[in-house]
Amino acid sequence: MSTTTERRTDIGPPHYEQFLHPLIKKNYGQWKYHEVLRPGVLSHTAESGDVIYTVRAASPRLISTNFGRKLTALAAKYADGYLRFTSRNNVEFLLANKDNIDPLIKELEEFTLVGGTGRSITNVVHTQGWVHCHSSATDASGLVKVVMDELSDYFTSMKLPHKVRLAVACCLNMCGAVHASDIAILGVHRTPPRIDHSTLPNLCEIPTTVASCPNNAIRPTSIEGRSTVKVDEDKCMYCGNCYTVCPAMPLSDPLNDGVSIWVGGKISNARTEPMFTKLAIPYIPNNPPRWPEVTDAVKNIVEVYAKNAKPFERVGEWIGRIGWPKFFDLTGIEFTKYHLDDFRHAGTTYKRSLQNRY
Amino acid sequence: MSTTTERRTDIGPPHYEQFLHPLIKKNYGQWKYHEVLRPGVLSHTAESGDVIYTVRAASPRLISTNFGRKLTALAAKYADGYLRFTSRNNVEFLLANKDNIDPLIKELEEFTLVGGTGRSITNVVHTQGWVHCHSSATDASGLVKVVMDELSDYFTSMKLPHKVRLAVACCLNMCGAVHASDIAILGVHRTPPRIDHSTLPNLCEIPTTVASCPNNAIRPTSIEGRSTVKVDEDKCMYCGNCYTVCPAMPLSDPLNDGVSIWVGGKISNARTEPMFTKLAIPYIPNNPPRWPEVTDAVKNIVEVYAKNAKPFERVGEWIGRIGWPKFFDLTGIEFTKYHLDDFRHAGTTYKRSLQNRY
Amino acid sequence: MSDDLKTPLLDELEKGAWPSFVKDLKSMADKKPMVKDLLGQLEKSYADKRGYWKHGGLVGVMGYGGGVIGRYSALPDEFPGVSHFHTMRVNQPSGWFYTSDALNELFDIWDEHGSGLLNVHGSTGDLVFLGTVTDELEPTFRALTAKNWDLGGSGSDLRTPSCCVGPARCENACYDTLALSYDLTHNYQDELHRPMFNYKYKIKMSGCPNDCTAAIARSDMGIIGIWKDDIQVDQAAFAEYIDSEMDIQGSVVDKCPTGCISVEGKEIKIDNSNCVKCMHCINTLPKALRVGKERGAAITLGAKAPIVEGALFGSVMIPFMDMSNFEDMHDLIDRIWEFWDEHGKNRERIGECIERIGLATFLEGIGLDPVPQMVKQPRDNPYIFYEEYFEEEEEA
Amino acid sequence: MSDDLKTPLLDELEKGAWPSFVKDLKSMADKKPMVKDLLGQLEKSYADKRGYWKHGGLVGVMGYGGGVIGRYSALPDEFPGVSHFHTMRVNQPSGWFYTSDALNELFDIWDEHGSGLLNVHGSTGDLVFLGTVTDELEPTFRALTAKNWDLGGSGSDLRTPSCCVGPARCENACYDTLALSYDLTHNYQDELHRPMFNYKYKIKMSGCPNDCTAAIARSDMGIIGIWKDDIQVDQAAFAEYIDSEMDIQGSVVDKCPTGCISVEGKEIKIDNSNCVKCMHCINTLPKALRVGKERGAAITLGAKAPIVEGALFGSVMIPFMDMSNFEDMHDLIDRIWEFWDEHGKNRERIGECIERIGLATFLEGIGLDPVPQMVKQPRDNPYIFYEEYFEEEEEA
Ligand code: SRM
Ligand code: SRM
Ligand code: SRM
Ligand code: SRM
Ligand code: SF4
Ligand code: SF4
Ligand code: SF4
Ligand code: SF4
Ligand code: SF4
Ligand code: SF4
Ligand code: SF4
Ligand code: SF4
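Residue numbers (numbering that gives the first Met the number 0), protein chains in the order written: chain V, 0 to 357; chain G, 0 to 357; chain L, 0 to 395; chain F, 0 to 395.
Don't take every hint at face value.
[Unchecked claim] Derived lysine-lysine pairs resembling DSS-like cross-links, with alpha carbons at most 30 Å apart:
id : chain 1 : residue 1 : chain 2 : residue 2
1  : L       : Lys375    : G       : Lys325
2  : F       : Lys53     : F       : Lys31
3  : L       : Lys30     : V       : Lys69
4  : V       : Lys31     : L       : Lys265
These aren't lab readings, by the way, just hints derived from the structure by calculation.
Let's have the full structure, built from the sequences with the hints guiding it.
Take a look at the structure:
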């Protein structure tokens with residue numbers, strides 16, 4: 000397919016201007032305000048009075064070119080061939096003509112959902128899972144699918160107190176945005192790496208492997224004269240960092256891998272400063288293909304939030320107002336020793352005041 | 000004086016009941032509400048309708064029995080012989096008779112001040128200083144005297160936005176409540192210990208000394224065949240903990256000892272959770288007998304607070320509302336690299352949000 | 000694998016309202032044996048509750064150290080189609096804007112050279128070509144560059160910068176996120192393609208503190224739009240909100256984190272000196288309120304996921320930077336990388352490096368003065384390393 | 000030292016409105032040569048800007064390991080009166096209540112045996128007898144015990160417990176602080192007088208969350224009064240506040256940290272399920288509001304000054320404990336000390352010990368279940384030490 004003879008490198012991505020709708024090019028930087036016309040449909044009005052319409056639809060993110068070509072065809076048909084993707088993997092069609100909105104939505108709804116704007120649950124930031132990553136303790140695409148099947152009504156409506164951002168990551172590397180999401184699902188290994196002493200000496204640099212452990216659980220050792228490592232199992236907290244640097248230390252354990260559920264993170268600076276996500280449920284066993292315990296748990300949290308939070312309260316802000324004791328109370332989630340932090344700054348999470356609810 | 004022949008030990012303090020005013024004994028645990036009748040005068044009304052009056056007066060805390068006998072004489076004359084001291088070292092006379100208030104105050108004002116209640120600056124929690132401690136980087140009683148001379152008007156009135164609690168400690172051991180005060184003065188050493196290698200081997204246990212350093216600055220060494228220690232001066236932050244365990248490592252340095260000023264701490268749970276005091280001014284040289292730079296600095300903070308804070312805002316709450324940039328701006332205090340935390344949890348003090356003022 | 004693909008477990012994921020990746024993948028499986036085998040291996044993962052991928056190997060295109068993630072099946076005999084199954088990270092255009100034509104060309108390339116599966120997009124921002132064999136890496140790359148596309152980052156390099164929709168379609172944009180993203184990506188092609196850092200370095204650009212790219216949480220360097228002057232108010236538009244059904248007191252006034260909004264009659268008053276630019280009032284009253292006119296960006300450093308010291312948010316390094324040209328930005332980035340290069344450890348990201356070395360030292364190193372906007376609070380411990388002191392000769 | 004004491008620097012401290020310790024000390028100087036020398040040495044400190052005390056030595060009274068702080072002048076030849084100048088910590092009565100007679104007896108003892116100088120009181124709570132020679136320690140002790148006084152703590156022991164005025168004169172007291180302080184002091188005489196801990200252990204008792212003894216900041220164990228049920232409201236008294244000049248909205252409603260107060264007409268409504276017992280409304284409207292009826296105390300552990308890990312506030316170990324008898328308290332203290340004894344290091348206070356060992360392990364050690372009231376928030380890092388897991392045989 001390539002026709003040039005000279006090999007081109009370091010050319011970078013094409014200039015974005017060529018992909019901008021003429022209406023956008025004209026009003027670039029001159030937008031005045033936006034409106035959410037209905038779930039999944041935005042209008043942006045420029046100083047000039049021009050209006051560009053956006054129709055937002057769900058994408059599973061893991062797609063085939065078949066799915067992709069459906070999107071490009073619709074863009075060509077209704078949006079002068081202009082489309083974009085969002086930072087959360089939805090697809091957006093950019094329409095100059097308001098009349099195209101309804102027909103476009105009609106066609107979109109044949110194979111996906113339109114929504115994800117405003118006070119909704121938009122698309123889930125997620126990762127590779129069993130589809131592509133060696134490190135995963137669970138699947139990502141599958142979890143997204145089952146959770147969003149359960150919550151799709153919140154994608155196509157805007158009836159929540161505020162936006163709820165979900166994330167899924169399949170291991171502690173957290174390639175999804177688990178550490179700062181309203182609700183997050185995190186794949187967890189729960190047993191120490193099983194060392195393959197036969198391949199380790201060839202595959203891994205021992206000092207790097209030893210240094211990789213955040214908790215100094217790895218020590219050099221030798222077995223039958225070959226240099227290898229051993230793991231102090233009492234110190235291992237199953238983070239997988241050793242496996243990242245040393246393939247001979249896999250953590251995968253079908254019996255014990257699973258997911259944990261996290262709540263209350265937030266990125267925007269609106270009202271409160273950004274917040275980290277905190278542990279809600281330490282462990283739910285993997286139960287593919289539909290992980291019913293996980294979808295139940297997430298749905299429960301969403302519903303308790305929907306019922307109790309005030310308008311404009313994100314999950315973390317809501318919990319901030321009612322307090323953690325009440326969060327556990329209302330959701331019926333059990334508070335355990337695993338919720339007590341024991342890492343670097345654990346002390347800063349202890350309750351150092353009398354301000355408490357009973 | 001002792002007349003018993005048998006030596007008594009472990010008898011503990013006398014029972015408090017014998018020191019309680021009859022009115023107090025009668026209404027013990029049955030108090031209904033209190034009023035602050037004027038600066039330094041409280042009334043407590045019991046369910047029974049009984050009222051006990053309290054007159055509060057300043058004490059330098061470091062007193063002679065002469066001063067003490069003046070207090071006991073006044074208590075005998077006006078308070079049926081009942082008096083107590085507060086957790087901040089003021090003296091309180093407990094009066095059944097309202098008519099005794101004014102004459103008592105008149106006599107008290109001949110040698111001290113009446114006040115310290117409500118929205119005032121009450122007595123200063125403080126320590127030994129050059130009067131008694133080997134560790135001190137400054138004097139405590141003298142600092143309290145000069146600062147309260149400057150602020151006495153705030154002791155005898157209740158015109159501040161809220162209570163302002165001052166503390167002085169003469170070294171980093173902080174026997175005063177420096178770490179949780181509205182405004183605090185902390186004596187600081189600023190140069191590493193000077194090791195007396197001739198006495199160290201006899202006076203100090205070397206492993207304990209090495210272990211005492213929070214920053215691992217101390218290493219065992221030997222000089223002319225005698226075991227001693229050396230200090231890595233780049234790592235020493237002059238905390239004095241080594242001196243506490245090893246007398247041969249004094250830190251006193253007349254040229255560089257001095258004080259630092261701290262603000263925004265708080266103990267009560269009212270409105271906000273308790274707060275630690277934070278660094279305002281890293282260093283002011285010792286300038287006895289009246290430390291004018293220190294009194295100016297404290298007065299400046301008090302006055303800027305008095306002018307800008309809203310009612311019921313403690314210093315830390317006020318700064319919380321206006322933000323640190325504005326605090327430094329309004330007080331004219333310079334922000335330096337010393338204000339940037341570099342200890343254990345330093346990262347948790349970095350500004351990890353866009354919420355800022357310019 | 001056997002010809003007829005049986006995926007009873009995965010079939011369960013064809014149900015439900017959310018678009019099904021299984022359905023979509025299956026639509027590819029007939030054309031592409033590697034997709035069939037991918038589904039086969041995935042079905043086995045679902046049955047056995049474990050992944051079947053081996054640890055990645057070092058593969059790539061000539062002259063580049065990044066852009067490709069090597070991946071091999073642990074069951075190559077059972078699923079030969081995915082015995083190699085590498086991903087290629089195609090550097091997306093600024094703001095993820097495309098035309099149908101451009102995307103179709105990319106699809107053509109991938110249909111020809113790979114699995115025809117993609118992630119649109121990867122978490123860092125790339126258009127991820129998901130799965131091909133080693134031999135196809137170079138031909139794919141040639142096909143891409145022929146159409147003016149290039150690969151993004153992976154490994155210990157500058158990762159593919161990404162930015163929000165910004166001035167292209169957002170009234171809140173305080174600087175041109177698309178232009179800066181383009182500029183940085185092109186200016187640092189070498190750093191992007193040839194890993195030479197201690198670890199990865201991600202740059203994310205959001206046009207305002209709403210931070211729609213999650214820069215403060217997911218980028219070593221966040222460049223987040225901000226303004227310095229007063230919020231622009233259209234009182235007439237505000238009066239319309241007052242007349243509407245909206246609960247201005249509850250939804251706006253009471254929600255301002257610094258309580259600096261008040262309403263007098265039909266007028267809104269903002270104490271801008273106490274406004275912390277949180278965006279809430281602007282978000283809630285988009286027709287009446289606009290970001291100020293003196294615009295620029297705040298620079299945050301150090302965000303990352305939890306491995307190994309716990310997750311970090313970025314911390315403010317420059318509270319306000321003019322964005323009318325990008326020269327200062329290049330200069331700043333160069334200084335940061337130089338410092339990190341010299342003082343950072345292997346696999347230590349910039350945020351961890353700053354925490355280890357200390358903010359004061361880092362600032363000195365890159366030539367910035369400390370300002371109170373950099374901290375949530377000054378230190379609360381007395382362990383100050385005093386550096387200036389009096390010598391015997393001097394006067395105290 | 001020379002007969003005529005010249006203290007030009009200290010004399011400056013005789014000026015000003017605040018009572019002058021210098022004036023007072025001088026009034027003692029003629030009677031007491033040791034006070035004269037104390038002033039002389041202090042004047043020298045003021046001139047030279049440094050202290051002249053040597054590191055304390057091991058002195059005390061027979062059979063006790065604490066209660067006395069040994070102190071020696073570094074300039075014994077110049078100031079022989081303070082060549083020894085030890086302090087004795089006299090255990091104060093609960094709530095620092097005295098009669099004139101009792102105090103006068105103490106003054107008599109100290110005039111006879113020591114410098115006649117005191118700290119009323121020391122930061123921990125003792126009545127500090129400031130300065131005497133080694134030979135007078137035992138006679139002073141005998142004189143004290145003859146009058147039913149005893150010494151307090153010092154060194155690695157239980158330090159002198161102290162408590163707020165509590166039920167004796169405060170409507171907020173949620174338990175009997177004076178009785179508990181008396182009880183604990185007497186119950187643990189051995190632990191108070193014979194240092195056998197890893198380090199000091201301070202107990203402070205405040206009757207309510209106003210925490211007038213600074214228990215949460217300055218005591219290894221804080222016992223702080225709290226209630227569980229609803230704030231008691233006297234609506235008639237509230238109506239009077241409403242009719243007064245007071246700004247109830249600004250001073251009370253808006254200041255409630257959880258926004259759980261509202262006013263309807265002349266009635267106050269409190270959403271007690273969201274009240275965090277901060278005390279602010281009760282403090283501000285003492286005639287209308289009272290703490291609830293179901294009273295007890297919260298137990299905090301671990302407060303301390305910054306050496307060596309940075310200052311700590313106490314953290315909630317028991318959110319609510321019944322205080323109608325003190326048996327459970329003894330039991331709790333015994334379990335804590337047992338754990339600390341076994342797991343603590345030398346010179347490691349209980350708060351540092353818990354941080355090092357981990358709250359979960361500590362709770363297990365002393366037999367308490369974790370409850371969410373113990374934390375500001377659950378962990379935000381994923382580094383969980385899972386302890387229960389499935390073995391091959393079991394069903395997952
Ligand atoms: C399209 C997109 C940017 C892009 O370049 O792709 C975008 C676009 C807009 N965002 Fe956003 N945000 C987008 C991701 C984000 C993210 C990132 C994320 O979730 O990972 C955040 C941070 C989330 C967080 O805080 O955890 C984000 C936090 C916001 C907020 C702050 C919400 C809050 O109150 O906390 C607003 C303001 C609002 O919604 O009122 C906002 C507002 C907007 C506006 C209204 C801005 C405007 O005037 O055009 C846009 C339409 C919003 C809508 O969906 O209703 N956008 N927005 C992203 C759409 C993602 C999606 O497909 O759903
Ligand atoms: C006498 C004393 C207790 C004792 O056993 O000795 C005491 C007594 C009272 N305190 Fe206190 N407090 C006493 C030290 C404290 C301390 C401890 C300290 O400062 O080291 C605190 C914590 C300070 C802090 O937060 O940093 C303290 C925080 C309070 C508060 C909370 C103030 C706030 O809003 O933050 C109140 C409530 C109030 O003032 O409205 C309070 C209220 C009271 C009341 C009104 C309680 C009552 O109803 O009787 C008493 C009279 C207060 C007054 O002075 O106006 N008391 N009070 C202490 C007097 C010290 C002095 O001589 O000035
Ligand atoms: C493809 C992608 C996930 C996805 O499905 O979108 C991904 C996939 C991998 N990430 Fe990631 N990361 C991806 C975005 C992220 C993000 C999110 C972001 O960039 O906004 C994070 C969290 C933010 C951060 O950088 O801290 C992230 C944090 C990690 C980490 C932990 C780094 C750390 O310092 O904590 C690792 C481990 C490592 O660096 O060795 C990692 C490692 C990996 C590896 C290379 C696994 C490994 O250990 O070698 C994964 C390859 C999976 C595969 O089989 O293809 N990935 N990774 C994302 C990149 C696509 C793209 O270029 O657009
Ligand atoms: C007398 C007193 C100060 C005062 O003027 O009131 C005092 C004086 C000393 N303290 Fe203290 N501390 C006194 C209350 C405190 C307090 C406040 C409190 O108890 O509420 C603290 C802070 C709270 C705490 O315990 O953390 C305090 C924290 C320290 C420390 C630091 C302990 C730490 O873990 O950080 C030391 C150093 C040590 O333990 O070796 C210390 C050590 C000392 C020594 C013994 C000096 C030493 O290194 O050996 C001082 C003897 C001074 C002298 O010459 O008499 N003193 N010390 C207080 C005891 C009087 C009394 O019994 O009532
Ligand atoms: S989160 Fe872990 S398992 Fe998932 S893609 Fe990232 S590195 Fe792989
Ligand atoms: S999994 Fe993490 S904690 Fe366990 S040995 Fe490996 S690096 Fe260490
Ligand atoms: S603060 Fe330091 S110098 Fe002052 S009394 Fe305490 S230990 Fe001594
Ligand atoms: S003063 Fe503190 S930091 Fe310096 S050597 Fe001594 S113990 Fe270490
Ligand atoms: S970050 Fe700000 S400028 Fe960018 S899309 Fe979001 S709201 Fe608009
Ligand atoms: S931007 Fe935020 S802080 Fe500023 S006025 Fe609006 S709501 Fe208040
Ligand atoms: S702590 Fe509470 S009970 Fe004790 S004196 Fe203070 S306000 Fe009264
Ligand atoms: S005690 Fe505090 S939290 Fe409770 S209602 Fe009163 S002000 Fe609100």
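Given hint F/Lys31 paired with F/Lys53 - CA-CA distance at most 30 Å: holds, 22 Å
Do the alpha carbons of V/Lys31 and L/Lys265 lie within 30 Å of each other, as the hint requires? At roughly 21 Å apart (the allowed maximum being 30 Å), L/Lys265 and V/Lys31 satisfy the hint.
Going straight from one Cα to the other, do L/Lys30 and V/Lys69 come out at no more than 30 Å? holds, 17 Å
Hinted pair, alpha-carbon criterion (30 Å max): L/Lys375, G/Lys325. Please report holds or violated. Roughly 13 Å between the alpha carbons, so the hint for L/Lys375 and G/Lys325 holds.
Of the hints listed earlier, there is not a single one the structure fails to meet.
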